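> The primary structure of each chain is shown beneath.
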Amino acid sequence: MDLKRSFRLDTLFWALLLPAVILALYMAFLEAPREITMKDIQRIFYFHVPAGVAGLTAFTVNFLASLAYLATKKRKWDGLAVASAESGILFIAMNLVTGSIWAKHEWFVWWTWSPRLTSALILCLLYVAYLLVRNYVPDADRRAMMSAVFAVVAFADAPIVWFSIRWWRDQHPSPMLETGGLAPQMRPALYTCMLVFLLLMIYLIRRRYFLETAQHDVEMLERQIA
Amino acid sequence: MDTMKYLFGAYTAIWIILAFYLYSISARERRLREDVDRLKRQLEKK
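One line per chain: the protein sequences are R and P, in this order.
With my numbering, letter number 43 in the first sequence gets 43, and the count goes up by one each step, no holes.
Basically my numbering = 1-based index in the second sequence + 226.
Derived by calculation from the structure, the hints in this document are not laboratory data.
Computed from a predicted model, the values in this text were never measured in an experiment.
By construction, the Cβ of each residue, glycine as well, lies at the ideal position given by its N, Cα and C atoms.
Mixed in with the good hints, there may be bad ones.
[To be verified] Simulated restraints, written as ranges between beta carbons of each label pair:
{"hint": "1", "chain 1": "P", "residue 1": "Trp241", "chain 2": "R", "residue 2": "Leu195", "range": "13 to 21 Å"}
{"hint": "2", "chain 1": "P", "residue 1": "Thr229", "chain 2": "R", "residue 2": "Gly180", "range": "20 to 28 Å"}
{"hint": "3", "chain 1": "R", "residue 1": "Lys4", "chain 2": "P", "residue 2": "Met230", "range": "45 to 53 Å"}
{"hint": "4", "chain 1": "R", "residue 1": "Thr112", "chain 2": "P", "residue 2": "Lys266", "range": "53 to 61 Å"}
{"hint": "5", "chain 1": "R", "residue 1": "Thr112", "chain 2": "P", "residue 2": "Leu269", "range": "51 to 59 Å"}
{"hint": "6", "chain 1": "P", "residue 1": "Lys231", "chain 2": "R", "residue 2": "Leu70", "range": "31 to 39 Å"}
[As the list claims (entries may be wrong)] Below, computed lysine-lysine pairings styled on DSS-like, alpha-carbon distance capped at 30 Å:
{"hint": "7", "chain 1": "P", "residue 1": "Lys231", "chain 2": "R", "residue 2": "Lys104"}
{"hint": "8", "chain 1": "P", "residue 1": "Lys266", "chain 2": "R", "residue 2": "Lys4"}
{"hint": "9", "chain 1": "R", "residue 1": "Lys39", "chain 2": "P", "residue 2": "Lys231"}
{"hint": "10", "chain 1": "R", "residue 1": "Lys76", "chain 2": "P", "residue 2": "Lys266"}
{"hint": "11", "chain 1": "R", "residue 1": "Lys104", "chain 2": "R", "residue 2": "Lys39"}
{"hint": "12", "chain 1": "R", "residue 1": "Lys74", "chain 2": "P", "residue 2": "Lys266"}
{"hint": "13", "chain 1": "R", "residue 1": "Lys4", "chain 2": "R", "residue 2": "Lys104"}
{"hint": "14", "chain 1": "R", "residue 1": "Lys76", "chain 2": "R", "residue 2": "Lys4"}
{"hint": "15", "chain 1": "R", "residue 1": "Lys74", "chain 2": "R", "residue 2": "Lys4"}
Pulled out of the complex, with its shape left as it was, chain P reads as follows (with noise of 0.2 Å):
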């Protein structure tokens, strides 16, 4: 039963860790987007 606490944790931390990675690169491709829509407002004022 301990083992597979262990084990579990372990599968745990890999997916915890790949989640964290994959929301922030999702959130600096959001931030990215809004840029690029400030930009485009920008553009036609001028």
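Extracted from the complex, chain R is given alone in its bound form (with noise of 0.2 Å):
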């Protein structure tokens, strides 16, 4: 892509962004009433909700991106799974944070150990050793096709993550939009917020797309004047 088209794609990501993030918190903060039981506290899942559905989608591109690598042997896949990897992992470090605040209110402990909650850790941190695999190894080639491997392994762990409050019973509340848990007046502004998470997962991965290509290109040319 050209790079002059690569800023009008910039520009007219954040002519999107800058509006829809503010009408975001408009509706969270003022649109959306107060829940009864929860009071104000109950805010946060309009944030905390997103930012899972944002950090899973990115997972689920680094998954299908390391596939396509995998059977295509393609440069571009290796770039698009290491940028969607990050941007799961910023997304899933928002939502364990943004959770962990809420259960100290309403559970008032930061952390239990519920299905829910360890299975996002633990896939966190299987990205994180995801990320961690790839600088210890030199090899461009070999480090793309080690981490298309570990990536599809770790990737067993999101449908988990997905499924464990329908499939076991947690202290996590079960899913709102399924079980009906979630007032239509509400609804708004979780779909809104949920727009505009996904909208900025699709802009950091882009962003870093481009610094792994660039970072490549780098690369390669200094092994040609070495």
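Mind assembling these two chains? They're in different frames, but the hints should get you there.
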């Protein structure tokens, strides 16, 4: 992609993201009604849930890109995989931190080893390990191959995170949208926040992807000069 | 009041995590630009 087009796309992203973030904040804090039992602390959900969804989506992109790399050995898929892994860690970290703050208020503990929380923490640590593995393999082709295999195996935890609150009894609240636990007046705020987080995820993956491909090009150039 | 403290803490955490990551990407982009400049100088010398 040429630089001019990339710059135009970046500007378009910012033009979309800035008003969308303001709208999401307005919807979450002012438009959505106050929940009767939890009161204002429930508003954490408008960012906690979308962060989790964005994180799992990013890891799904990482999984698909890793499969594509294994099938084609094309460098671009490895770039997309690492870009989406980093974004996934970022959003799952947001999800874990906001969830922990909510838990301290509602359960009086920062952390409990429930299936959902434990599987989400393991998922986050697996992708941190994925990035560490990449740092210790100097050869680009070997690094891409090893990390693609690692990513495909690591993704096995993602469905466990998603289904944990459906499969097992968990202290974590049950899925609000499926069980009707979220009032219809609260849904627009949640959907708006979800859209904003997904837009932000695309922006971050895109920016990190271009950094990865540029770093690879520089690495290749350095080898040619040496 | 206690509720608002936790709510504020959660939103601040989100912004801090995001700011940290954006800073980390920017730092890597800056290092990359420096590498490109260094390579250009090396090529000019050759």
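> Are the hints correct? Go through all of them and say.
Going through the hints against the structure:
1. P:Trp241 to R:Leu195: 13 to 21 Å: 19 Å, holds
2. P:Thr229 to R:Gly180: 20 to 28 Å: Cβ of Thr229 of chain P to Cβ of Gly180 of chain R: about 25 Å, so the range 20 to 28 Å holds.
3. R:Lys4 to P:Met230: 45 to 53 Å: 46 Å, holds
4. R:Thr112 to P:Lys266: 53 to 61 Å: Given range 53 to 61 Å: holds, Cβ gap about 55 Å.
5. R:Thr112 to P:Leu269: 51 to 59 Å: Roughly 58 Å apart at Cβ, these two residues keep to the hinted range, so it holds.
6. P:Lys231 to R:Leu70: 31 to 39 Å: 48 Å, violated
7. P:Lys231 to R:Lys104: 12 Å, holds
8. P:Lys266 to R:Lys4: Given pair Lys266 of chain P, Lys4 of chain R holds - Cα atoms ~22 Å apart, limit 30 Å.
9. R:Lys39 to P:Lys231: 13 Å, holds
10. R:Lys76 to P:Lys266: 25 Å, holds
11. R:Lys104 to R:Lys39: 15 Å, holds
12. R:Lys74 to P:Lys266: 27 Å, holds
13. R:Lys4 to R:Lys104: Status violated; Cα separation ~48 Å.
14. R:Lys76 to R:Lys4: Distance ~20 Å between Lys76 of chain R and Lys4 of chain R Cα, so the pair holds.
15. R:Lys74 to R:Lys4: It holds: about 25 Å lies between the C-alpha atoms, which stays within 30 Å.
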